[in-house]
Amino acid sequence: MIAASRTSSWFHIPVVMLALVAMLQIPADAARNDALAIDLSEDLIGISTGFTGASVLLFGATEGEGGVIVLVRSPNSRVVVRRKSRVAGIWVNSDELTFDDAPGFYHAAASAPLEELLPEDLRRTNQIGVDHIGFKPHAFLSADEEKAFRAALVRNKQRSGLYSTQNGRVTFQGSRLFRTRLELPANVPTGKYAVEVFLVNNGQIVDRSTRELSVRKVGLEAKVTEFAFEQAPLYGIIAVLIALIAGWFAGFVFRKV
Amino acid sequence: MSIYLPIAEMSVDVFLILLMGGGVGFLSGLFGVGGGFLMTPLLIFIGISPAVAVATEANQIVAASVSGVLAHTRRRNVDFKMGIVLTIGGFAGSSVGVVIFTFLREIGQVDLLVRLCYVVFLGIVGSLMLFESGRAILRRQTGTATRGKLHQHTWFHGLPFKVRFRRSRLYISALLPLGIGFFVGILAAIMGVGGGFLMVPAMIYLLGMPTSVVVGTSLFQIIFVTANVTFLQAVNNQTVDVVLALLLLTGAVIGAQIGTKASGKLRGEELRGLLALMVLGVCAKIGIELVAKPDDLYSINEIEGFGL
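Which chain is which? The protein sequence lines are P and R, in order. 112 is the number that the numbering used here gives to position 112 of the first sequence; each next residue is one higher, with no gaps. 531 is the number that the numbering used here gives to position 274 of the second sequence; each next residue is one higher, with no gaps.
Next comes chain R alone, as it looks inside the complex:
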């Protein structure tokens, strides 16, 4: 059964989209990432223009994250105070990101930037996570665990505006989560992702949050950042396809619930290891596309004549 997407202006198979939504939703529930870094490339792969894919995916992540946060809230795994501080930074960052995206779209470099962002950030995050989780798994197996300090003290613990985040058991400067939120917000808007794959490691390794609250808190702030991106993309670029978003989120919300339940069955370091492998896989695929000679060196882009 096929359906015509009004904004993407193409006909797609309903079941394919539902299946994609469900599969990515499952992974997003499992790992606590929005799943955008998988879905946006998938949408582009089936022929949807990058501009529509990025904007519509932000819309879909809103739904997936709400559903995920509800599940995590019931288990008291959300640090709302931390989430709100991250959200404030994320709001500012994603607004800047949409402006950058609109500008690059006009000069024809949006494709390149999106791809480069994917390769660089997925590459860094994936490698770090794989390394860390591999070490954790090895240490557990060999049984030579030496318990270190709760967290390390570095220069950023000297920053002002210290705030106590009770659920995260942290007493740190609010500037730190604000800055992280801002930076991840920019990338979220440009890459059409929620930013969970950046936010989760940043929370663990930079902020030193306990793993149990990281996923729920990350999803909590993703709701607001992607809602902001959706709104700004709709206003600036008219590229949010609600019909496509509805199809994707129907699959995704169901998948996310199943994924959240499944995540309880795996150890934290195993989850991170699997996520790392997936992140690196996407990174490698996009990286190869950047380096390999394209089939056609020329591409076209219509400036006028779309719309009504």
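In isolation and in its complexed conformation, chain P is listed as follows:
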């Protein structure tokens, strides 16, 4: 595996390149499955006051022929999908289906169209592409109904920018080195993300490698959230006090005018 230390910024690429060159000289027979080496420009995304999204560079090297697929997933959560229907002239939530194992964020990137790289069944078992995310429904509905709710979940997530609408591009520099940019929007969920990279060749997965990407609130944002959830009553009292003081202060200031 790659020897490069955790790099905090992708300006350190030359260092990584050296390490990659070193790795590529390992004899092929030693590569039990070491045909793929990857790393991220950052492994922690801190959400602070000025956060408007982040961009992370994923880069790596392959040994041997093939294409590359990159998946980024945030931790799974439970999502209720509701469908409106018209009741007495107004639109009301009437049917619903709850899914488990829905990642809060999902992004796929590849060096070629996914259907050219892997056959359907392999994409399905490895949850490659938004159509193959392994949501688990809580109730049994007809196949058509379930499909409609699944599609709605993906569509809504795409609308808020949390699931990719178009697969990102993995670009090769030469035949061995590849890179892709992972864009995280401002509304990304927090948690430990899994960045999974597949090396594929002739419709088969040759190798895979995973990195963890941590997204968490830092500084003031972290403190406020922690406070709100862990000391809710005190937080509520302080919120009220701030408002009282601000209102009084404004009244006081304007009295002088």
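Hints are computed from structural coordinates only; laboratory data are not their basis. Certain hints may be false.
[To be verified] Partial list, derived from the structure: chain P residues whose beta carbon lies under 10 Å from chain R:
| id | residue |
| --- | --- |
| 1 | Ser55 |
| 2 | Arg83 |
| 3 | Gln127 |
| 4 | Asp131 |
| 5 | His132 |
| 6 | Lys136 |
| 7 | Pro137 |
| 8 | Ala139 |
| 9 | Asn156 |
| 10 | Thr190 |
| 11 | Ala194 |
| 12 | Leu234 |
| 13 | Tyr235 |
| 14 | Trp248 |
| 15 | Val253 |
| 16 | Phe254 |
From the three backbone atoms N, C-alpha and C, an ideal C-beta is built for every residue, glycine too.
Starting from the known structure of chain P, fit chain R onto it as the hints suggest.
The following block gives chain R in isolation, referenced to the frame of chain P:
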């Protein structure tokens, strides 16, 4: 310049929020309403979840009302005794309201209820006010004013626990303001409003209070009711975003002061007429959204995985 809101979990433009706060604060000072019925839909419109919008708006109204009450107190336009009775009812009502809100949030109908409340109550109040103020303006212009009785006597003047409210020049049962406070409190919690747009007409038409003390007294009780809602939402739902509230109230307290000064320049019935038009406008917009076919019939709601 954008800022990341920790509880709403999204990035917003600071100046947009300040401007919204200032604009709504101005109207709240002008009409003596908290402005929540404008601000909460606006917050939802810019992408903040209804749960966070309702809770945070309650927090912001606390500040706007304090600032407004100070201005009205200086002009001796607050009936504190009446305000306290309304507040007692409002406390109980808003506590019940937050419980209802939490329950509806769980079964996924909170959106519908909030919208229906908006349409029904804004519609009723707006139409009544428009009708009444229009008549008052016409009567003044045609000069055929016939002075009626000071107020009409109805069944509720026979209720027990009569109390004298000196500043309002009323001698009525305390049960009446208690009941009004309770009912408005429930709606305040559910709709993310102070309830001024309901309280002000209720005070004028049901209690028969003189218009001069209505606005200040309404703001006075709104402080306590929205403080209670803020606290309960923070405890039950963790949906109060202090950063957002601070931004909104910075704009709102300034706007409210300017609005209060401007309100002296307009006649009572003109103020009520303008407020009525605004109330009906918001009502119509939300009503259309309920009836028009949504772009996507499906919506999603995350149950777990938010927070730290």
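For which of the previously enumerated hints does the structure constitute a violation, in increasing order of number? 1, 3, 4, 5, 6, 7, 8, 11
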